[in-house]
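Peer 1: Sequence:
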Amino acid sequence: MHRTPRAHAHPLSLIAILTAVVVAASGCASGTDAVASGANFDFVSPGGQTDILYDPPESRNRIGALAGPDLMADGNDISLTDYADQIVVINLWGQWCAPCRSEADDLERAYEATKDLGVQFLGINVRDPQRDKAQDFVVDNNVSYPSIYDPSMRTLIALGGNYPTSVIPSTLVLDRQHRVAAVFLRALLTEDLQPVIERVAAER
Numbered sequence: 001m002h003r004t005p006r007a008h009a010h011p012l013s014l015i016a017i018l019t020a021v022v023v024a025a026s027g028c029a030s031g032t033d034a035v036a037s038g039a040n041f042d043f044v045s046p047g048g049q050t051d052i053l054y055d056p057p058e059s060r061n062r063i064g065a066l067a068g069p070d071l072m073a074d075g076n077d078i079s080l081t082d083y084a085d086q087i088v089v090i091n092l093w094g095q096w097c098a099p100c101r102s103e104a105d106d107l108e109r110a111y112e113a114t115k116d117l118g119v120q121f122l123g124i125n126v127r128d129p130q131r132d133k134a135q136d137f138v139v140d141n142n143v144s145y146p147s148i149y150d151p152s153m154r155t156l157i158a159l160g161g162n163y164p165t166s167v168i169p170s171t172l173v174l175d176r177q178h179r180v181a182a183v184f185l186r187a188l189l190t191e192d193l194q195p196v197i198e199r200v201a202a203e204r
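Residues in the sequence shown are numbered from 1 upward in steps of one, following our numbering.
What the hints contain is simulated information worked out from the structure, not anything from laboratory work. Please note: incorrect hints may appear among the correct ones.
Unchecked claim - Think about it this way: if two alpha-carbon atoms lie no more than 20 Å apart in a straight line, the pair counts; the simulated SDA-like pairs of lysine to any residue are:
| no. | residue 1 | residue 2 |
| --- | --- | --- |
| 1 | Lys133 | Cys97 |
| 2 | Lys115 | Ser152 |
| 3 | Lys133 | Tyr145 |
| 4 | Lys115 | Asp85 |
Stated by the list, open to error - Distance ranges between label pairs, derived from CB positions:
| no. | residue 1 | residue 2 | range |
| --- | --- | --- | --- |
| 5 | Glu191 | Pro129 | 15 to 23 Å |
| 6 | Asp74 | Gly48 | 36 to 44 Å |
| 7 | Asp140 | Pro56 | 35 to 43 Å |
| 8 | Ser79 | Glu203 | 18 to 26 Å |
| 9 | Asp132 | Pro195 | 15 to 23 Å |
| 10 | Glu198 | Ser102 | 30 to 38 Å |
| 11 | Arg199 | Pro46 | 14 to 22 Å |
| 12 | Asp136 | Pro56 | 41 to 49 Å |
| 13 | Ser79 | Lys133 | 38 to 46 Å |
Just so it is clear, CB atoms sit at the ideal spot from N, CA and C, and this is done for glycine as well.
The whole structure should be built from the sequences, with the hints applied where relevant.
Peer 2: Put into structure tokens, the structure is as follows:
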């Protein structure tokens, strides 16, 4: 019997499902926002899961066009299309967010451990009206991967109207076709994220 592909939540070994870190947001994207051109990802969290795997791969959908100014380099833009055929790990963060500070070194370790597999990390800095403070966060935490500077959170329309943009930090793992393979609505440890990245990187 054929069933329409949909998202399936699977428990991940070695991790516990934690309560999502919800930060009250003004000006966040809502379910009434238009979806970015080309997007067909529709966020689904069965049973309110905070760790979601979208499997099998053929059931996954792409996010919309994602691009914005480089946080650390004035006048430069960063686009998801810069990373064709790469796994892309997108992390939503703010320097004001304590869980973002706690996970920064874990994300950096996961990046260093997987980048040779064709993996790129991309941060999206949100709700930081003072760019220099966000830049200080990157320097102080030795973050080596780039971030888009988006205080207004407008780039997040690429994630679709159902994506919970009030949850910071959150992380998405995109496969090589830039389809959403996993979403984490919480702060992460290296051991949470790295095995998921490696599994997606091994897909053919």
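Peer 1: Against this structure, judge whether each hint is valid.
Peer 2: Evaluated hints:
1. At roughly 12 Å between alpha-carbon atoms, Lys133 and Cys97 fall within 20 Å of each other, so this suggested pair holds.
2. Only pairs whose Cα atoms come within 20 Å are accepted, and Lys115 paired with Ser152 is rejected, the gap being roughly 29 Å.
3. For the hint linking Lys133 to Tyr145, the alpha-carbon distance of about 17 Å falls within 20 Å, and the restraint holds.
4. Our distance criterion of 20 Å between C-alpha atoms is met by Lys115 and Asp85, whose separation comes to about 13 Å.
5. A C-beta distance of roughly 34 Å is found between Glu191 and Pro129, which places it outside the suggested range of 15 to 23 Å.
6. For the pair Asp74 and Gly48, the supplied restraint of 36 to 44 Å holds, since their beta-carbon distance comes to about 41 Å.
7. Taking the beta carbon of each, Asp140 and Pro56 are about 41 Å apart, inside 35 to 43 Å as hinted.
8. Distance hint for Ser79 and Glu203: a CB-CB separation of about 23 Å, consistent with the stated range 18 to 26 Å.
9. Under the hint 15 to 23 Å, the C-beta atoms of Asp132 and Pro195, about 36 Å apart, miss the expected range.
10. Separation of Glu198 from Ser102 is about 23 Å and departs from the stated range, judged on CB atoms against 30 to 38 Å.
11. At roughly 20 Å, the beta-carbon separation of Arg199 and Pro46 lies within the given 14 to 22 Å, and the hint holds.
12. A hinted range of 41 to 49 Å holds for the C-beta pair Asp136 and Pro56, which are about 42 Å apart.
13. Against the hinted window of 38 to 46 Å, the Cβ-Cβ separation of Ser79 and Lys133 comes to about 25 Å, which falls outside the hint.
When each numbered hint is compared with the structure, violations occur for hints 2, 5, 9, 10, 13.
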